[in-house]
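Here the UniProt record's numbering is used: the first residue of the sequence shown is 1, the next is one more, and so on.
None of these hints come from the bench; they were simulated from the model.
The structure displayed is predicted, hence computed values, not measured ones.
In this text, a Cβ means the ideal position worked out from N, Cα and C, and glycines have one as well.
There may be inaccurate statements among the hints.
Said to hold, decoys possible - Derived lysine to any residue pairs resembling SDA-like cross-links, with alpha carbons at most 25 Å apart:
{"id": "1", "residue 1": "154", "residue 2": "203"}
{"id": "2", "residue 1": "154", "residue 2": "128"}
{"id": "3", "residue 1": "154", "residue 2": "192"}
Stated by the list, open to error - Computed spacing ranges between beta-carbons, pair by pair:
{"id": "4", "residue 1": "149", "residue 2": "96", "range": "18 to 28 Å"}
{"id": "5", "residue 1": "137", "residue 2": "203", "range": "28 to 38 Å"}
{"id": "6", "residue 1": "153", "residue 2": "72", "range": "33 to 43 Å"}
{"id": "7", "residue 1": "216", "residue 2": "164", "range": "21 to 31 Å"}
{"id": "8", "residue 1": "66", "residue 2": "137", "range": "13 to 23 Å"}
{"id": "9", "residue 1": "216", "residue 2": "161", "range": "33 to 43 Å"}
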Amino acid sequence: METEKLLLSTIEAEQPCEAIDYQTIPTVQLEQLSTTTGQEVLPLINQSSNSTQAFPTLQDSSDDDDWLCFEPTLSCYKVFFEPVTWLEAETKCRNNGTQLISIHSEQENEIIAGLIQGQKTSNASEDHTWIGLRITDYGENWTWSDGSSVDFLKWADGEPNNMLLDLEDNLPRELEHCVQLIVSDIEHFSDENNRHWNNYVCESTAPVFVCKKPFSRTE
1 METEKLLLST IEAEQPCEAI DYQTIPTVQL EQLSTTTGQE VLPLINQSSN
51 STQAFPTLQD SSDDDDWLCF EPTLSCYKVF FEPVTWLEAE TKCRNNGTQL
101 ISIHSEQENE IIAGLIQGQK TSNASEDHTW IGLRITDYGE NWTWSDGSSV
151 DFLKWADGEP NNMLLDLEDN LPRELEHCVQ LIVSDIEHFS DENNRHWNNY
201 VCESTAPVFV CKKPFSRTE
């Protein structure tokens, strides 16, 4: 328990971050960019209708072509297929000046799941992806590592669980204080937990993580 507490507090102690409010990024940029840049359209599968949905993308000022920026969220995302713990994922994002992803709407959840599904490199039926949600106070309060508000949740059936020590059973238990997004492949697309969230042990590894940054306009 003390080890987990130390791990989860390491990032905050060494690299304090300023809270990001993705809801207040100026929308005037959309009006300017819609007529001055050629927008790509990335087709993503919409789970609710089992159909293809297109989200318009924006041209970011970054030189890294692996970042994809979307008009509905005014945010940019980069998917990493690398087995890491939650803390390692957060550290890798921060070392690049970004944050482990926070998700603030059903639409953003669909965008991220679609990106992972579209870039999937393994044969696994599910890819468990670290997102920035976790518990830091050993209670039941979930927080985003980028400091943004928790205004959207999409738990899988029966989740979250295993957040508190059960003193009655007197058995050692690894607490599940970090969160993964479950993304199923096409064959398992109708699985009830697809594109939902599962809390998991922070020190375990997940094969995928996603970094996020606010959209930066191309000059």
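May I ask which of the numbered hints given earlier this structure violates, with the numbers listed in increasing order? 5, 6, 7 and 8
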